[in-house]
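Participant: One-letter residues, chain by chain:
There are 2 protein chains.
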Amino acid sequence: MSKGLTSRSENYSQWYNELVIKADLAENSAVRGCMVIKPYGYAIWEKIQAQLDKMFKETGHVNAYFPLFIPKSFLSKEAEHVEGFAKECAVVTHHRLMNDPNGKGVVVDPSAKLEEELIVRPTSETIIWNTYKNWIQSYRDLPILCNQWANVVRWEMRTRLFLRTAEFLWQEGHTAHATREEAEEETIKMLNVYAEFAEKFLAIPVVKGVKSANERFAGALDTYCIEALMQDGKALQAGTSHFLGQNFAKAFDVQFATKEGALDYVWATSWGVSTRLMGALIMAHSDDNGLVLPPKLAPTQVVIVPIYKGAEQLEAISAKAREIKAKLENLGISVKYDDRDTQKPGWKFAEYELKGVPVRLAIGPRDLEQGTIEVARRDTLTKETMTMENIEIVVKNLLETIQNEIYKKALDFRTANTVTVDNYEDFKKHIEKQSGFVLAHWDGSTETEEKIKQETKATIRCIPFDAPEEEGVCVYSGGVSQRRVVFGIAY
Amino acid sequence: MSKGLTSRSENYSQWYNELVIKADLAENSAVRGCMVIKPYGYAIWEKIQAQLDKMFKETGHVNAYFPLFIPKSFLSKEAEHVEGFAKECAVVTHHRLMNDPNGKGVVVDPSAKLEEELIVRPTSETIIWNTYKNWIQSYRDLPILCNQWANVVRWEMRTRLFLRTAEFLWQEGHTAHATREEAEEETIKMLNVYAEFAEKFLAIPVVKGVKSANERFAGALDTYCIEALMQDGKALQAGTSHFLGQNFAKAFDVQFATKEGALDYVWATSWGVSTRLMGALIMAHSDDNGLVLPPKLAPTQVVIVPIYKGAEQLEAISAKAREIKAKLENLGISVKYDDRDTQKPGWKFAEYELKGVPVRLAIGPRDLEQGTIEVARRDTLTKETMTMENIEIVVKNLLETIQNEIYKKALDFRTANTVTVDNYEDFKKHIEKQSGFVLAHWDGSTETEEKIKQETKATIRCIPFDAPEEEGVCVYSGGVSQRRVVFGIAY
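As given, the protein sequences belong to chains D and P, one line each in that order.
For the first sequence, numbering that gives the first Met the number 0 begins at 0 and goes up steadily by one.
For the second sequence, numbering that gives the first Met the number 0 begins at 0 and goes up steadily by one.
Source of the hints: derived by calculation from the structure; they are not laboratory data.
Please read all numbers here as calculations on a predicted model, not as lab measurements.
Honestly, I wouldn't trust all of these hints.
You can't tell identical chains apart in this list, so a pair holds if it fits in one copy or across any two.
Computed list of lysine to aspartate or glutamate pairs in EDC-like fashion (alpha-carbon distance at most 20 angstroms, straight line) [claimed, not checked]:
1. Lys-258 / Asp-340
2. Lys-249 / Asp-221
3. Lys-450 / Glu-328
4. Lys-319 / Glu-383
5. Lys-56 / Glu-45
Using the sequences provided together with the hints, build the complete structure.
Facilitator: Have a look at this one:
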């Protein structure tokens, strides 16, 4: 396995692009901006899905499925929604092909034009609230706590595998509530679910906070987010949870009879994470040798490689390896025993490094004699010879250690790359170096935010929940400020 | 819970349509032909998915994801494929909306016309084989055993919830092999997986067989299928597995270096089942009181309803009910305890009948005194008072019994509704009554098949694998025949 991976220091962006391809995660397809998620990449996504789905269900949500298409007129119903969104999208105008009269394959049948164009969903608030209208009459029908796993399409001009693609996979939760308080509580609850998932499973520390008005989801009263820091010092928005107020209920006329017998509009939230998380996962932990996967999301957690000469040695080693594999699997650990004779051990080592398998076990003839085994960690690239006895317990504990230490490493990186600045010169100096999160005072105005963005490309990633109240002056305008916000260069 | 369900004998078709709505499985959406799968329906689909996915993985398959869109030109590459398919489909022609210059919402931006139209996938052979071209160089890259769970769109003119919708959910397996034998073996293997799933989980007996040339998938050399019989005597194709030969490899120029160093085209299969299985599940078992679900696919397997007067009784009953619930859950059984005080027990009984919950337990004050519990079966609508002791074991066994007996009932129905006929008069008589599967000799010609279809609407459902060799004469033409085939009126 020759890697030939560009190093991060040489060209981080190229390193990422190459890694996604070389580790067999995804590739570009024949359709502009649409990716093919390859089996290894999809296996990671399935683990992400399974865990999130579990957490959604534990918090009382159910899955459903709504149409891929949205009638064009629906997009105009919520004024801010259409203003901030939904312009770059795939438009279905016809419903039939026909044989080319000139004999060249197929052409669109001009007689099969749709009366109203259909938009491939860029997000589903409109079609879902149009549906909820029929589901909700009284407070007894509330809350509705639906999620859907789906594909969505946004016709992005500049695409990058996982980070920004025309079609991507995601989940979108859409909930309906009788009161403002309940909807706000739901919004925060789901943000916390995302944060917990990011930290415990992706092993990525995140800042929880609220977006500035400028960065809000089109149609939301408040957008909450989790923001992560990548190794190149750029920020990545890893999930959002929106408090939609009564905007969509009003747009689609969804009213309910309250307990008191009055009529009121329903309160809404929506929240989503996407295959973009794959990009975050790759960029947060991986190194110049390839992927580094947190054990909890690694499709294969342990690989066993035999080191042998001849069939007899292989047979003896294989017997031992299978025994260890069975013991590990009994503990719920996924294990691959790679006894292919078409590749040398060194090639295999490099391959599993590239693929980010957290723990590699190697067994040679001398190990058999001495009852030892070589245990290698992908994250630290260290290895150690250990006794085979109770190796399954050792490996189980090691996987937990790796999960924790990967997180710790990312947290240390973020701590080291979070700076507090008090004037615009310092601000610009740090932002130019793309050196992580910059905590600065801001006067709260969209105007200032826009000017800073124009001049430095930095955006307000969020107003963090845990920012202490602290009187200060805006680094740009000198206006008053009550707390620092997080600036950064975003993906 | 007032059902007001039309009876099957009165109007089977209406019974089905009403049941899908009243049992909260699915509904029509604002988009013509596209359905909303409601949480209860989706929960059943999730169980179907989970089990099939497990079976696919156990047979060595992996999941991946390919683009939603297919460039129009791809559809012309495999001549038979485009001929038999892909005409009624959703065509994306533009990639941007803009504000209406007249101020009326949004319109399609005429300047954002795509150079080549994109088709929303009706099936993915073409885009996948275009992708496989880059994955396959040598026999070492084979086999490829990919599956994808996805949505697909076929612009059907007449739609019915689950049975035929413009957008539906499915899985499509696409495999690539070095030899014809291996691909043929895969085709049959997956047909067997489908048949096993249908019989053991859906509890629907199926006939396995091969389609006549006329009913073959466009582009396949052979299409195998499983055919099920519904309670109205109509046949439903529940899954197909296609041996595609080298057709798609040739169309997309996918060649590989063989072990011997020659170049050859790759052999292909594809196979799929869809949300149509939901339709089969509903129609095969349900009755005039509502859904009957096989326990293995029921989202809730057991419901416990308290019968009480006053808070004190409820408290005592609830304590016992929760105890039983915990014991059942320990055995892996999904249980709902419905202690809502907004509805009466009778209403709840009717609701869970409608929803097809396999077992209902009811506990009243006298039960508490006597240590008894009422156990009701949804499939037979029978009930029995039993001792509470070891009730969890009794219920666990009962769920297995129900699973088996539902299957047995469907099998008995099919046996009673399968007739052997030897002349065209009898053939027509049975087909007119829509009385199930009709086994008849056929001369093997497409011409005869077409004529029979025109005259009677009956189609050859399949040439069954288990049909004994039996000399005979075609009921229509009098031509020679070696075995009987299955005719029926199909959904």
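Participant: Does each hint fit the structure? Answer for all of them.
Facilitator: Structure-based check of each hint:
1. Lys-258 / Asp-340: between (71 angstroms within a copy, 16 angstroms between copies)
2. Lys-249 / Asp-221: within (17 angstroms within a copy, 54 angstroms between copies)
3. Lys-450 / Glu-328: The answer is neither: 56 angstroms in one copy and 59 angstroms across copies each exceed 20 angstroms.
4. Lys-319 / Glu-383: Result: close within a single copy only, 19 angstroms intra versus 55 angstroms inter.
5. Lys-56 / Glu-45: For Lys-56 and Glu-45, the Cα distance is within 20 angstroms both inside one copy (16 angstroms) and across copies (13 angstroms).
When each numbered hint is compared with the structure, a violation occurs for hint 3 only.
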